[in-house]
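Take the sequence shown: its position 90, counting from 1, is numbered 95 in the numbering used here, and each next residue is one higher.
Hints may contain errors.
Said to hold, decoys possible - SDA-like, lysine to any residue: derived pairs with alpha carbons at most 20 angstroms apart:
1. Lys67 to Ala34
2. Lys67 to Ala42
3. Lys67 to Phe57
4. Lys67 to Arg16
5. Lys67 to Gln127
6. Lys67 to Val55
7. Lys67 to Leu110
8. Lys209 to Ala22
9. Lys209 to Arg30
10. Lys67 to Arg39
11. Lys67 to Gln84
12. Lys67 to Gln23
13. Lys209 to Ile93
14. Lys209 to Arg194
15. Lys67 to Ser45
16. Lys209 to Ser92
17. Lys67 to Glu98
18. Lys67 to Gln47
19. Lys67 to Asp54
20. Lys209 to Asp181
21. Lys67 to Phe17
22. Lys67 to Ile93
23. Lys209 to Pro199
24. Lys209 to Gly197
25. Lys209 to Pro137
26. Lys209 to Glu182
27. Lys67 to Glu51
28. Lys209 to Glu186
29. Lys67 to Glu38
30. Lys209 to Glu98
31. Lys209 to Leu110
32. Lys67 to Asp77
33. Lys67 to Asp94
34. Lys209 to Gln187
35. Lys209 to Ala88
36. Lys67 to Arg30
37. Lys67 to Asn41
38. Lys209 to Arg151
39. Lys209 to Ala184
40. Lys67 to Glu43
In case anyone wonders, no lab produced these hints; they're calculated from the structure.
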Amino acid sequence: MQPSPPQPVNRFERRRAQTRQALIRGARAILAERGNAEVSIQVIAERADVGFGTFYNHFETKESLFDAAVADALEEYGQLLDAATESIDDPAETVATSVRLALRLAVSHPEITGILRFRGLQHVHSGTGLGPRALRDVEVGRASGRFRVADAQVALSVVGGAVLGLIQLGATTELDEAAGEQTAEMILRMLGVPADEAQTLATKPLPALGQ
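Assemble the whole structure, with the sequences as input and the hints as a guide.
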């Protein structure tokens with residue numbers, strides 16, 4: 006998991022950090038519900054239960070707040086996947102497991118999944134959250150010969166697009182775990198894993214998912 010940020014050292018800094026996080030939580034909830042930032046700062050402040058003027062003590066614009074909210078949600082999502090796959094050494098199994106857990110996270114963490122649906126595509130290649138983790142797994146697999154890909158960034162686009170497509174489908178259609186298994190198997194095969202092995206890895210028992 007990623008290291009936690011330094012903790013505020015005095016009461017003022019703690020209260021300031023708490024207020025900033027309240028704004029981010031409010032923005033996350035709005036994004037998950039609406040998929041866009043077309044709300045007033047007053048609505049955001051009310052959702053965060055802070056004063057209107059307080060907003061500008063932490064963010065210059067709504068856009069900067071919603072960017073922070075997306076980054077916060079994707080980082081939390083990434084840490085959940087890191088924790089669930091930390092004992093797996095095989096990058097192919099890590100990728101398959103992460104793909105399949107996307108459906109479970111849609112049930113257990115609907116807010117994060119909602120943000121991923123609406124904003125995930127534009128953050129596939131960002132420097133924080135899910136992008137760098139998926140890229141890490143692809144690069145490890147390529148370096149070890151597990152994956153046969155010429156360009157890790159292109160492979161990341163393929164993996165990210167497939168996962169986001171699965172999540173989007175799950176928002177409109179009731180999917181069972183077989184859908185995640187099929188998606189994971191197809192992704193592994195695209196990455197160069199032999200078909201029989203890809204099927205085996207895509208149907209292994211899943212690890213527990215934290216809260």
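Results of checking the hints against the structure:
| no. | hint | in the structure |
| --- | --- | --- |
| 1 | Lys67 to Ala34 | holds (14 angstroms) |
| 2 | Lys67 to Ala42 | holds (8 angstroms) |
| 3 | Lys67 to Phe57 | holds (12 angstroms) |
| 4 | Lys67 to Arg16 | violated (26 angstroms) |
| 5 | Lys67 to Gln127 | holds (18 angstroms) |
| 6 | Lys67 to Val55 | holds (15 angstroms) |
| 7 | Lys67 to Leu110 | violated (27 angstroms) |
| 8 | Lys209 to Ala22 | violated (41 angstroms) |
| 9 | Lys209 to Arg30 | violated (35 angstroms) |
| 10 | Lys67 to Arg39 | holds (15 angstroms) |
| 11 | Lys67 to Gln84 | violated (26 angstroms) |
| 12 | Lys67 to Gln23 | holds (18 angstroms) |
| 13 | Lys209 to Ile93 | holds (12 angstroms) |
| 14 | Lys209 to Arg194 | holds (16 angstroms) |
| 15 | Lys67 to Ser45 | holds (8 angstroms) |
| 16 | Lys209 to Ser92 | holds (14 angstroms) |
| 17 | Lys67 to Glu98 | violated (39 angstroms) |
| 18 | Lys67 to Gln47 | holds (11 angstroms) |
| 19 | Lys67 to Asp54 | holds (16 angstroms) |
| 20 | Lys209 to Asp181 | holds (15 angstroms) |
| 21 | Lys67 to Phe17 | violated (24 angstroms) |
| 22 | Lys67 to Ile93 | violated (40 angstroms) |
| 23 | Lys209 to Pro199 | holds (16 angstroms) |
| 24 | Lys209 to Gly197 | holds (19 angstroms) |
| 25 | Lys209 to Pro137 | violated (25 angstroms) |
| 26 | Lys209 to Glu182 | holds (12 angstroms) |
| 27 | Lys67 to Glu51 | holds (14 angstroms) |
| 28 | Lys209 to Glu186 | holds (9 angstroms) |
| 29 | Lys67 to Glu38 | holds (16 angstroms) |
| 30 | Lys209 to Glu98 | holds (9 angstroms) |
| 31 | Lys209 to Leu110 | holds (18 angstroms) |
| 32 | Lys67 to Asp77 | holds (15 angstroms) |
| 33 | Lys67 to Asp94 | violated (41 angstroms) |
| 34 | Lys209 to Gln187 | holds (12 angstroms) |
| 35 | Lys209 to Ala88 | holds (17 angstroms) |
| 36 | Lys67 to Arg30 | holds (14 angstroms) |
| 37 | Lys67 to Asn41 | holds (11 angstroms) |
| 38 | Lys209 to Arg151 | holds (18 angstroms) |
| 39 | Lys209 to Ala184 | holds (14 angstroms) |
| 40 | Lys67 to Glu43 | holds (9 angstroms) |
Going through the hint list in order, the structure does not satisfy hints 4, 7, 8, 9, 11, 17, 21, 22, 25 and 33.
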